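Required output: the full structure, derived from the provided sequences and hints.
Next come the chains, spelled out residue by residue.
2 protein chains.
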Amino acid sequence: MKKTVGTHLIIDAWQASPALLNDPEWIRETLIQAVEAGGATLIDLCVHQFSPHGVTATATLAESHIAIHTWPEYGYFAADCFFCGEGDPVKAMKMICKALQAKEIRTREIKRGFDPKIEQREFMPQIIEGT
Amino acid sequence: MKKTVGTHLIIDAWQASPALLNDPEWIRETLIQAVEAGGATLIDLCVHQFSPHGVTATATLAESHIAIHTWPEYGYFAADCFFCGEGDPVKAMKMICKALQAKEIRTREIKRGFDPKIEQREFMPQIIEGT
Numbered sequence: 001m002k003k004t005v006g007t008h009l010i011i012d013a014w015q016a017s018p019a020l021l022n023d024p025e026w027i028r029e030t031l032i033q034a035v036e037a038g039g040a041t042l043i044d045l046c047v048h049q050f051s052p053h054g055v056t057a058t059a060t061l062a063e064s065h066i067a068i069h070t071w072p073e074y075g076y077f078a079a080d081c082f083f084c085g086e087g088d089p090v091k092a093m094k095m096i097c098k099a100l101q102a103k104e105i106r107t108r109e110i111k112r113g114f115d116p117k118i119e120q121r122e123f124m125p126q127i128i129e130g131t
Numbered sequence: 001m002k003k004t005v006g007t008h009l010i011i012d013a014w015q016a017s018p019a020l021l022n023d024p025e026w027i028r029e030t031l032i033q034a035v036e037a038g039g040a041t042l043i044d045l046c047v048h049q050f051s052p053h054g055v056t057a058t059a060t061l062a063e064s065h066i067a068i069h070t071w072p073e074y075g076y077f078a079a080d081c082f083f084c085g086e087g088d089p090v091k092a093m094k095m096i097c098k099a100l101q102a103k104e105i106r107t108r109e110i111k112r113g114f115d116p117k118i119e120q121r122e123f124m125p126q127i128i129e130g131t
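If you're matching them up, the sequences are chains U and S in order.
Reminder that position 60 of the first sequence reads as 60 in our numbering, one-by-one numbering, no gaps.
Reminder that position 86 of the second sequence reads as 86 in our numbering, one-by-one numbering, no gaps.
Quick caveat, the hints were computed from the structure, so don't treat them as lab data.
Do not take every clue at face value.
When chains are identical, the list treats them as one kind, so a pair holds in a single copy or across two.
[Unchecked claim] Simulated pairs of lysine-lysine, DSS-like, Cα-Cα distance not exceeding 30 Å: (1) K103 / K91; (2) K3 / K98; (3) K3 / K103; (4) K3 / K91; (5) K91 / K111; (6) K111 / K94.
Given the structure is predicted, the values throughout are model-derived calculations rather than measurements.
Here it is in structure tokens:
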């Protein structure tokens, strides 16, 4: 079976609010809203504040995950939104960037799953038989 | 200030062991070993088993995160290892691929952080306006 299982957005954002980037409760709320905006289902959420600054948060989703890592001292954050099946990672991405007031954003979209070039090698029947 | 904050490995792996891909305890142990192999520090680990099959696990690290999502029915998993500062994401990646017996692996390396070329483009205000 050949298919793409999901879309993974890799987001680098600059000129965001240093105060918000260093606020774990704001990050927590932002991720919850991003999950909702993307139409995804939250399984678990971990938010961690670093010393002297910076926040990391990972949202485990039924659709895969959202993660964010912030550098308030640079006004920068790195996020990624990996959605499989239902849901829209672009909406989640926009919610995060808006909530953290990023003014420069670079988003790279990566399709995850099966690579036609790889699939031509006919390796999948072996896998199915092995299940 | 311009700098690269870390390396993000995007891993698509095929022909892995369906049984191991569907074993949450094996996935948990694999991630713990991957964190150790990569010289990283684990903050939190979430492992979730889906019905009828598939496992998702996210490891929140002091260095960023490792995430894995498995499709046992395809012998496929998607993983990513994002390491900032110390540590070696390649070692973590190799540990995961070996533990899950993947025979075909595609890894893309993405440098995260500041990109001088992007900073000159000033294209992001459009996205912010579009939210």
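Verification of the hints:
Taking CA atoms no more than 30 Å apart as the test, K103 paired with K91 passes inside one copy only; the shortest distance there is 17 Å, against 35 Å between copies. Taking identical chains as interchangeable, the C-alpha atoms of K3 and K98 lie at most 30 Å apart only when they sit on different chains, with a minimum of 23 Å there against 32 Å within one chain. For a Cα distance limit of 30 Å, the shortest separation of K3 from K103 across copies, 18 Å, qualifies, whereas the shortest one inside one copy, 35 Å, does not. Proximity of K3 and K91 under a CA criterion of 30 Å is satisfied in both settings, with 23 Å inside one chain copy and 28 Å between copies.
Taking the shortest Cα distances, K91 and K111 sit within 30 Å of each other both inside one copy (17 Å) and across copies (24 Å). For the homomeric pair K111 and K94, the shortest alpha-carbon distances inside one copy (19 Å) and between copies (21 Å) are both at most 30 Å.
Taken one by one, the earlier hints all hold for this structure without exception.
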